[in-house]
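**Q** Chain by chain, the residues run as shown.
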Amino acid sequence: MFNQALASSVPIQGTVVAARWDSLYDFLMGLSAFFFLLVVGAMLYFAITYRHRPQKKTSYITGSHLLEAVWIAVPTLLLMIIFGWGYSIYHTMTQAPADSYEVRVIGKQWLWTFQYDDGRTTVNEVYVPVNRPVKLVMTSEDVLHGFFIPNFRIKQDVVPGMYSSLWFTATVPGKHQVFCTEYCGTSHSGMLAKVVVLDEAQWKAWTLNRPIGEVPEIGLEGASEAPLGKVAAAQLTLVDQGKAVYEKKGCVACHSVDGTLKVGPSHKGLFGTQVELADGRKVIADENYIRNHIENPQSNTVKGFNPVMPTFKGLISETEMNALIAYIKSLK
Amino acid sequence: MAHQSAVAHTGDNYLNHSKGLMSWLTTLDHKRIGVMYLFSVLSFFLVGGVFALLIRLELYKSGVQIVDANAYNRFFTYHGAIMVFLVIIPSIPAALGNFILPIILGAKDVAFPRLNLLSYYIFMIGATFAVAALFLRGADTGWTFYTPYSIRTNTTVILVLTGAFIAGFSSILTGLNFIVTIHKLRAPGLSWSRLPLFCWALYATSIIQVLATPVLAITLLLLIMERLFHIGIFDPKLGGDPILFQHFFWFYSHPAVYIMILPAMGIISEVIPVFCRKPMFGYKAIAYSSFGIALIAFIVWGHHMFVSGQSELANFVFSLLTMFVAVPTGVKVFSWVGTMYKGSIHFYAPMLYVFGFLELFTIGGLTGVFLATLAIDVHLTQTYFVVAHFHYVMVGGTLMALMAGLHYWFPKMTGRMYPERPAQISFWLILIGFNVTFLPQFVLGAQGMPRRYWTYLPEFTFLNRMSTVGSWFIGLGFFYAAYYFYQGMRYGKKAGPNPWNALTLEWQTPSPPPHENFIETPVVTSWPYEYLPENITMQGNS
Chain H
1 MFNQALASSV PIQGTVVAAR WDSLYDFLMG LSAFFFLLVV GAMLYFAITY RHRPQKKTSY
61 ITGSHLLEAV WIAVPTLLLM IIFGWGYSIY HTMTQAPADS YEVRVIGKQW LWTFQYDDGR
121 TTVNEVYVPV NRPVKLVMTS EDVLHGFFIP NFRIKQDVVP GMYSSLWFTA TVPGKHQVFC
181 TEYCGTSHSG MLAKVVVLDE AQWKAWTLNR PIGEVPEIGL EGASEAPLGK VAAAQLTLVD
241 QGKAVYEKKG CVACHSVDGT LKVGPSHKGL FGTQVELADG RKVIADENYI RNHIENPQSN
301 TVKGFNPVMP TFKGLISETE MNALIAYIKS LK
Chain G
333 MAHQSAVAHT GDNYLNHSKG LMSWLTTLDH KRIGVMYLFS VLSFFLVGGV FALLIRLELY
393 KSGVQIVDAN AYNRFFTYHG AIMVFLVIIP SIPAALGNFI LPIILGAKDV AFPRLNLLSY
453 YIFMIGATFA VAALFLRGAD TGWTFYTPYS IRTNTTVILV LTGAFIAGFS SILTGLNFIV
513 TIHKLRAPGL SWSRLPLFCW ALYATSIIQV LATPVLAITL LLLIMERLFH IGIFDPKLGG
573 DPILFQHFFW FYSHPAVYIM ILPAMGIISE VIPVFCRKPM FGYKAIAYSS FGIALIAFIV
633 WGHHMFVSGQ SELANFVFSL LTMFVAVPTG VKVFSWVGTM YKGSIHFYAP MLYVFGFLEL
693 FTIGGLTGVF LATLAIDVHL TQTYFVVAHF HYVMVGGTLM ALMAGLHYWF PKMTGRMYPE
753 RPAQISFWLI LIGFNVTFLP QFVLGAQGMP RRYWTYLPEF TFLNRMSTVG SWFIGLGFFY
813 AAYYFYQGMR YGKKAGPNPW NALTLEWQTP SPPPHENFIE TPVVTSWPYE YLPENITMQG
873 NS
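Here the protein sequences line up with chains H and G, keeping their order. Taking the working numbering, the leading residue of the first sequence gets 1, the next gets one more, and so forth. Taking the working numbering, the leading residue of the second sequence gets 333, the next gets one more, and so forth.
These are computed hints drawn from the structure, not numbers from a lab. In this text the structure is predicted, and so the values were computed from the model without any measurement. Honestly, I wouldn't trust all of these hints.
Label-pair ranges, simulated between beta-carbon atoms [stated by the list, open to error]:
no.	chain 1	residue 1	chain 2	residue 2	range
1	G	I631	H	S317	52 to 62 Å
2	H	A42	G	L627	20 to 30 Å
3	G	F371	H	F36	29 to 39 Å
We put the beta carbon where it would ideally sit given N, CA and C, even for glycine.
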């Protein structure tokens, strides 16, 4: 038990970023050990050497500008190095490659749902390929949640009403522990999940909806209290589900998907482009913009159009919204 | 003067100047108000501490130990809210500051004695609201009240919010009172360059209290409005923005961390020169660094939100600015250690607590650099690493300094000495217990254990158990301290005016001080840390 607890102070390295993270962490540990020994060592040394003894006078010293300059300059320099190093790794953590494999994540008290391009959904286990960038586009149905994968050294809050994202390239096949890290009520500590990283053969089987065989646990072996969802059989792909929502909710009445102008702008080729709004703002049409526009159309009217679109806030579920956005994204 | 001297000969002091419960409840004497604050704060510390022990007991093993998840969630909320709003924020400024500040300045009282009493009552009304929630449906939001959970939970969050809202005004009024007192009531000859460092620290603290607390008040008020009337401000369901709440909350609560630690640094700066019998090393640097810290305090709140969803640019700026907190903090720590060099160090309890402070606060500060570093924070934030860091700073820093100050000024406040040997035993219990409790939490956090978890994976059992056992030693140490302080108050030997042979003004008057502090208005002719090479002895506490 003791050995297990202290075997390693950090989890295994499940990504390339994890290795970079560990180097900086080790550097900080070393530097901290040095400064701790410097301060506490000097303190103990002085405490013993200069303990009160009768007739032993003190020295009248009120300061030293040189020492002060040194202990301002040296820490400042070190802190700037640490800052730059930390930012450079962080920057990598935020820049998902354009060809990332995307999975949509919905948190709700107290389970995780994952939606895939092929239309399938899973609960509390997300299946991803090894050695390929994966991007999680996440939102919450109720309160704040946090998606934390210790083996990958990444974490992101999952916020209702907007999308946040995480990306990683997993290098170790197996099941990696996920924790909810933003306090969310009664079963916060039971809101566990796994990132199931599949090797090439398993990934192929998964995409064909065939059995993938045994996947080992990597590191922490926490099981979720909530039952793992059966993989829902896919009738339609996510894009096709989105098309159905698009038609059912009546988007087609005012928007075209082929470039024709109706009451509202066409959605053909919209995703990822810059849109100029009536109030002069210029925004990139990403997941957050589309969602925001559907929920708050009046404050996001596109330049040249009339503010006539009604709000769909509360009328589209999170899964439908994900499908809808996937559909609009597919309109090249 | 003749009248006052006559009073002094009859042994008049602030404790026996007038008698009866009403004379305390309606007193305008800053010393009595300070003592009332102290007893109130210590009572809340007992309540908050019991919740801490219960939390650790529940985490002795994974699964149910003593309570279910809903009760546990209330426990950590009470522990956090009580310790932050009712203990650590008021402890040093309102309790020790109220007692010591006017005397150390050579004044008869604070600038606005009535306002001072009012702020005590406001504090108690706020505390009553917060504590009342315990007996109703409780609160289970954590002390941070993050939205939208705090809007949707069916617990009595409004009571706790109202309590914190009201208590905030007490903090503002005390800050205002101290600023005016320091400006207007210094004794003749007590120029700014001779101002004791405790006053500099309280001055910097007061500025933060006055400027930052109103933002918390408005934030809590908006949250109450949203719960009561469903005005959409923070809940996305109502069209609000939950991240906005975090910005508002930390805009106060980050500076609040410095409200908690700056006065502690002030105490350390008073104790070290006295017990080392040496002038303070780098007096000006320590005084100015308090203001450096106070200034930076206002522009680093976003470092609590690196994974909240705020922009990468914001994260870049907040991480960079946060690094600069370490510079003035380092200046202080190096200067304190530097003061010990070639001193004549006396090992009484106040000095032991300074050693404890330096050990724990250094760990707290260094692990703060980990959390300021963007990528490192992404993994460590919201885990036990943060819990450990925060406790090393707040308990290892503020509480250690509070204990140093309590022992240091105990003779002044009571006229008697505390018992030295029990004090030293209690110190070692607390110091060792603290490290056993919180060092394992750094490892737990790095390994990935999230905070605010009622249960945990079996892999985390050993370190959690160690942490729980450590908490018993801390508890034992503090209970023992309560006992020997009581003993000292009742039976301790008479202290005399200046048992530590210190140079600041509060020691140049009888213990306990007379009603208006000084028999004759003191005149300051030198620096407060003018310890000459042969001035190495003190009466001490054998």
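**Q** Now, for every hint given, state plainly whether the structure supports it.
**A** Hints, verified against the model:
1. I631/G / S317/H: 52 to 62 Å: violated (41 Å)
2. A42/H / L627/G: 20 to 30 Å: Since A42/H and L627/G have Cβ atoms about 28 Å apart, the given range 20 to 30 Å holds.
3. F371/G / F36/H: 29 to 39 Å: Holds, at about 37 Å.
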